[in-house]
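S.K.: Chain by chain, the residues run as shown.
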Amino acid sequence: MSISNAFATSRSGLMATSTWAEVTSTNIANATTDGYASRSVTMTTSTLGDVAVTGVTRSVSTTLTAMVRREYAAMGTQEAISSGLEIYSTLLGGTDSDSSLTTKLGELQSNLVLLAADPSDSSRQRAVVTSAQSLAEELNTLSSTLESSLETTQDSLTSEVSEANSELEQLAALNAALKKESGDTERRASLLDQQDKILDSLSERMDITVTTESDGQITLRTSGGTELLRGDRAETLEYDKAAGTLSVNGTDITPGETGKRGFDEGRIAGLFTLQNTTLPEFQSQLDEVARALIEGFTALDDTLATGEPGLFTDAGAAYDASDLTGLAGRITVNSAVLPEEGGALWRLRDGIGADEAGTVAGEAGLINSYIDLLEGEMSFSAEAGLGDTATLTDYVVSLTTSQQTTLSSAESELESLSTSATTLETSRQNIQGVNLDDELIQLTAIQQAYAANSQVLTTLTEMIDSLLEAV
Amino acid sequence: MISISNTVSTYGSNLLRRQTVSDLTNQLAKAEYEVTTGLLQNVFGELGARAAQSLTLRSQMASAEAFVDSNTLLANRMEVTATALGTMRDIAQEFLDVAIANRDAPGSTVESLQMLAQSTIGQLIATTNTTFQGSALFSGTTTNATSLQGWDEVNDASGLSPADVLAGIVGTGPTTEAEAEAMIAQLDAVFSSDASAGTSGYETTFYNGTDLLDESGAANDRLSARIDTGTEVEYGIQANDTAFTELMQGLAMIASTDPATIDDEDAYNTWMTKAVDLISSGISGLLETETALGGQQARVESLIEVQQSRIDLYNSQVLDLEGVDEYEAATRLTTLQTQLQASYQVTSLMNSLSFLNYM
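Chain order of the listed sequences is A and B. Residues in the first sequence are numbered consecutively from 1, following the working numbering. Residues in the second sequence are numbered consecutively from 1001, following the working numbering.
Careful: at least some of the hints might be erroneous.
Claimed, not checked - To be clear about the criterion: a stretch of chain B counts as covered by chain A if any three or more of its residues have a C-beta under 8 Å from a C-beta of chain A, and this derived list gives those stretches:
id : stretch
1  : 1036 to 1044
2  : 1051 to 1065
3  : 1147 to 1157
4  : 1171 to 1179
5  : 1246 to 1256
The hints are simulated quantities; they were obtained by calculation from the structure and are not laboratory data. Since we're looking at a predicted model, the values are computed, not measured. Note that beta-carbon positions come from the ideal geometry of N, C-alpha and C, so glycine has one too.
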């Protein structure tokens, strides 16, 4: 041990303290940066007594991170579903809405009842026609909203998939960079920060499994096990809009399909549920209502020749069983009862196919049979998922309820997921986040250490000076 | 790395406080809506599948309201019908009071009978042709047709007026009992609703509404009204019902021939007995019709009350489902307010608490 050795040791102390100060200042500066993991320095003593910084480490908990990401994926699913249905649900209306399907159907029924009491009153006939039109228009609006929801969903899917692909590319590039970076350096820590941030964002899109190698490189798989990223090679997700499928490297991993090694959670999964299940189901339920109206009213009217439509039509034509999809978007009121389109209101009383107004003004037979139709049970396709026999009103009620419940259950699921995600995220933040007070206390320690080391140097210098003077 | 100090992330705790505040604000908005409207904010979210009940109730409420409207109209129509029937009966009764004294043999008022019968027929026809909101009351489903043809007006359907038909059969009046009986037989055929009388028949020349029987002999539909879900009542009274035809026939017999000029006692007796009995039976027929109508009126009136109370019931059930206990919501509002205030205080306190102030 010599004075010159002591010089070297003090110097190493100053060096180490300045690195510590650097890390602490980085921590303080990034205290509010999302996704930043607080760093700490590791210091060791050499055999000579020197202090050296051996590494800068990030504080992370891999288990917590994985759990948080799984929550994010689940939230992504529900968020995609609820935001995709929001506009449609507003149009579908609540229980007290004036524009809901149940209200419109009720109005048609009420106006028919009033017309039956005085079948020749043209203002009552007009009221029936108007309410029939607004019922048909409501179905048209709902159907076209569903169509535009489907388009929005497909657009979102296209952009989600392309963003997921670009994130996979970025992760592949990060893998390559991490491979070159050896040792616990500040640069490595910031590469890992970037990696974490991208993984957080990717796991909102899709449920992924992350395997971390010792050098920080990661391998990504879908939760079903299909490989997405290994080393610097990223696979490309391919979204086929027309077929409604997602594939990677030729393997079909469409979410929601059984037997596929894909994934079930995440925004992409939610959007696929919307595209392949929810929206088509809603559409077929609306189509069933339109079909029941067109077929039901046509069957009652014996003034019609075969192939002619009744009060409700499929865009002017009779119902065609081979062309059911989208019927709700095409249903209209027969122009034969619309005076503005060359028809006549009395056809409500005398039959759509009648050439001349009947002489019996009080004839309520047809109108009463319309009322009976709406009051009685009708049959529906069980495939639409709302049972096969019900009155039209009940069917529309269960349609509204089941569709609105789909949205509200996605919303409440989202809410409860967000509660648990918050808890997990808070724990995760407590581990990897920065505590300013803690850093500031460290800063006073750094100040003291730096001052102490400087003091040692001054004293050593004085010692050598006094030695030189004595010589 | 295992750290000895178990720290809290400054950013994380800040984030958590922000979230708490926004959560509380959301709940506050919800409580505010519920307090001000008294209804649940998110019906489908809170009720789930039970929201279907609420929708069904609301649609039943709307349909009950429509029935109340249409039944009120029906009740008004029945009221007008009942008033018309009452007037007719009064008019006929007045004539009968005079005619009854001349039933078996000419009495002191026999001279004025023909004129009196003619004016009574005119009044009866006018009353029968009463309309309600433009539709005829006694024409059956052909509400656009005037019920009875004016006595001297030629009916386009036959080219004859009711007076012509009578004149064709009665001529100058019966002179013998046998003649009287033959004429009565002919008149019976005219005033029946079968087709045997041809174009001069009651339903062709006298009456313009819906026939009792159709061409195949089956009964035609009468006016009916839907008074409740699945319940229809036939309420139509037609001017070709027996009470009306009897009354018309009796009056027509006296109006078309002056009883004072029937010299043969037997002929007079046969003729007048038949006419007066027909009028008397027509009046009691009208009374029966009125009574039946009164029953239906009472039924409709009470049904309107039932439907109105049903609306109230549905309304209260909807409120049971969708309503919120306003006291509970108001209490929740106050609690949330306090909570939010506390959380503001904590946030501001935590943010001002930093080691920085002591360095």
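S.K.: Next step is simple, just say for each hint if it's right about the structure.
M.R.: Evaluated hints:
no. : hint         : result
1   : 1036 to 1044 : holds (count 4)
2   : 1051 to 1065 : holds (count 10)
3   : 1147 to 1157 : violated (count 0)
4   : 1171 to 1179 : violated (count 0)
5   : 1246 to 1256 : violated (count 0)
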